[in-house]
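Here are the chains, one letter per residue:
Protein chains: 2
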Amino acid sequence: MTRFSFSLTATDGAARTGVISTPRGDIRTPAFMPVGTAATVKAMMPDSVRATGADILLGNTYHLMLRPGAERIARLGGLHKFMNWDRPILTDSGGFQVMSLAELRKLTEKGVTFRSHIDGSKHELTPERSMEIQKLLGSDIVMCFDECPALPADDKRVAESMRLSMRWAQRSRDAFGDRPGHALFGIMQGGVTEHLRAESAEALTVIGFDGYAVGGLAVGEGQEAMFGVLDYAPAMLPTDKPRYLMGVGKPDDIVGAVKRGIDMMDCVLPSRSGRTGQAWTRRGQVNIKNARHADDPRPLDEDCSCPTCQGYSRAYLHHVFRAQEMISGMLLTWHNLHYYQEIMQGMRDAIAQGRFADWEVDFHRQREMGDIEKL
Amino acid sequence: MTRFSFSLTATDGAARTGVISTPRGDIRTPAFMPVGTAATVKAMMPDSVRATGADILLGNTYHLMLRPGAERIARLGGLHKFMNWDRPILTDSGGFQVMSLAELRKLTEKGVTFRSHIDGSKHELTPERSMEIQKLLGSDIVMCFDECPALPADDKRVAESMRLSMRWAQRSRDAFGDRPGHALFGIMQGGVTEHLRAESAEALTVIGFDGYAVGGLAVGEGQEAMFGVLDYAPAMLPTDKPRYLMGVGKPDDIVGAVKRGIDMMDCVLPSRSGRTGQAWTRRGQVNIKNARHADDPRPLDEDCSCPTCQGYSRAYLHHVFRAQEMISGMLLTWHNLHYYQEIMQGMRDAIAQGRFADWEVDFHRQREMGDIEKL
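Residue numbers (full-length UniProt numbering), protein chains in the order written: chain A, 1 to 375; chain B, 1 to 375.
Since the hints were derived computationally from the structure, they do not count as laboratory data.
Mixed in with the good hints, there may be bad ones.
Per label pair, the in silico range of CB-to-CB distance [to be verified]:
id	chain 1	residue 1	chain 2	residue 2	range
1	B	Asp86	A	Gly208	56 to 66 Å
2	A	Thr11	B	Gln285	50 to 60 Å
3	A	Arg50	B	Ala357	41 to 51 Å
4	B	Asp86	A	Thr9	34 to 44 Å
5	A	Asp178	B	Ser305	36 to 46 Å
Even glycine gets a Cβ: it sits at the ideal position worked out from N, Cα and C.
Please construct the entire structure, taking both the sequences and the accompanying hints into account.
Set out below in C-alpha cells:
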C-alpha cells in the first residue's frame, strides 16, 4: 500500500510544485480543492468535478456529522463510496464551522458543545471526537481540531486561542494514532502577529505532522494583511511537508498564496458564484444576469475549453439564469471550477519551468485588459 | 439532404416499430421525447439526455416565445444551437399551454390573445404566428395550432372546438408551406366521442400531414377513457405516417398506448418526478424522501445500468434530497429518463421480434411483484 508522502519537484522563488502521493491517487501541487460540503460539490456530478482537473475534494465534518451522520456514512462504507468519489478527500475538523454556523456554542478546554443549525439537536466536538468522526468518514487527510478567533482581535485573545489550538493539536495527534496511508495536518494559528505565528509553528513542528495548514486567515483581515502573513509564515513550517491555506480564495488570492509558498487551497467561491450567476474568467468576472448578455452569441471566454464555453453562448447562460433553470448553476459551476484548475495547472507548469514570475505578470495583465463584460 | 420520412419495420398486433428519418438524425419508434420546456431538460445536460437514449426532444413554443423570445433564438442560430442539442426537436404549437398557463385569454376564430404568466406582457397566437415561431425556433417537427377543451365537456363544446381546430389545421398547413426536411403534424381532436374523432381524422387526412397527433387526451379523462379512445383512434389515421400521443404519461400509459398503435409520446413526468424525489423503476415507484431509505445501501434498482444506480445508494439519494442538494434532482431525473428510454427500447425490440404480448405481461408482472420500497 502506498503511504502518504510528499515530494517537491521544483521551486521557483518561494513557489513550489510537487506531488502528494496517497493510496487513493496523487495530488498535484499547488492544488485547488473544490468543496463538497454535504457529500456533493453543489451542482456537479463527481465525474464532472474530476474532468475539471481536481485531484482531491474537501468535505465538511460539521455538516456531515449533523446530516447524514458520521456513523451512518461509516456503515455505508465511508464518504468516498457514499458520494461516489474514489480519489483523495480532505476533511476539515469541524471547528471553524461550529464557530460560524452552530447555535448556543460553549467553548471549554475540553472542546465545544453546540446545537445544530439544522434541527437544534445538541452535539459536542472535541479533538478526540473530531478525529473519530474524520476516521468514520474515511478521510485521507485529517485536520487537527482547532479554534480560530475572527479578525480583528487583540493579541491577547489571539495568543490564548492559538495556545488552546496547540494543546488541541497535541490531543488530535494522540487521538489520531498511527494510520498508514492517512495523513494528519496541524493548523498554525496566531492571527497577523509574527511572533505568535512563530510560536505556533514551533509548537506544531515539535509535535510533528504530515502537513501543515496556515489557519486563521481569510476571516476578514483583507488580502494585504493575508499576504503580509504569507510573506513569512510558510517559511516557518517544514520545507518537506505540504502547506495548506484554508478557505482561500479569489483567483488573485490563490496566485499570491502560491507565490508565497502555499501548496494547497480550498474555497467555496467557484461553486457558490456559479449558483448566483457569477463567472470567473481570465479577463475578470462576468455577471451573467446583466441584460447586456441577452443577445450575446459569444461564450463566457472564447479561449476556454470547458463544456460551458464550448457549447453555450452568454445569451443562453443569461436566459437559463433568468428562467431559474438548474442548468444555469450546473454550467457556471463547471466553468468556474475548470478555470480555477486551469490556473493551478498554469502555475504548476510555470514553476516547473522556472517562469512563475512571467506567468504571474501575464495573469494580472489579462485581468487588467478590462472588464470582459464590456469587450 | 435527407427529407423527412417514416418507415415501419415491424408490427405486432396494433403495435408498430420503425424509424423517422430527418436531416438531424433518426428517431427510433416508438419514441419517448423528454421535455425541454425552456430550452433545457431540467436538471440535465444535453449529453446526458442523449446518453439515456433519447433521439428527440420536445420544446414548448409558449414558454420560448415569452422568454427568451423566438426572434432572439433565431438571431442566435436557432433552438438547436441555443440549447446545444443537434438532434431532432419537436415543438408544440403553444395552443395547449396558452389555455393552461396564460392570463386574460381571449379566443376568437382568428386565434388567441393573452397575457404572459411571467411578466403580464400582451401576446397573440394564431395558426400563422405559431407556424412562424416554430420556424424561427428551427423545429424539425412542427405541430398545428389547435384548441382543446378540458374534459369532461359535452359533445357540442367538443365538436365546436374540434371543428375550429380543423379550420386552424388548414391555416397551419397553408402557412407552413413547403419546407424540405421539416415536418408538419396535424392534431386530431374530438374528445372521447368516436364519431367526432372520425370526423377530425377525415378532415386532417384530406388536408394531408407528415404525421398525426392524437390530441385532447391526458387532460383529466383517466386511463380507461384514454385507452378507450386509443382502441379506435389510431386506426382512423394513415398507416404510413407517425402517430403521436401528446403529453403521455406514466409508464403503464405509455405501454398501453404503444400497444394500441402509437409511435411517439412526450411527458414532463420523468423529469418533474425526479425533482420532487420520485423515482420510477421496473418494480414501481420509490419515494426517496421516506425515512426507510436513510440507511439503505442498495441502488434504486439493482438491475438498472444508469449512472445513478451504478454509483449511488438509496441512502445517498435520500440524504441529498433532504439536504436539498441539486444533485438530487440531477440523479433522479437521469434515472427516470433512463428508465423511460429502457421501456421504449424493450418495446421496440419486442415488436421487432413479434413478442410484444409477452413483453407486456412481463412488464406488468414486475410491477406487481410488490412495492419496491418494501423489498
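Hint check:
no. : hint                              : in the structure
1   : B:Asp86 <-> A:Gly208: 56 to 66 Å  : holds, 58 Å
2   : A:Thr11 <-> B:Gln285: 50 to 60 Å  : holds, 59 Å
3   : A:Arg50 <-> B:Ala357: 41 to 51 Å  : holds, 46 Å
4   : B:Asp86 <-> A:Thr9: 34 to 44 Å    : holds, 43 Å
5   : A:Asp178 <-> B:Ser305: 36 to 46 Å : holds, 42 Å
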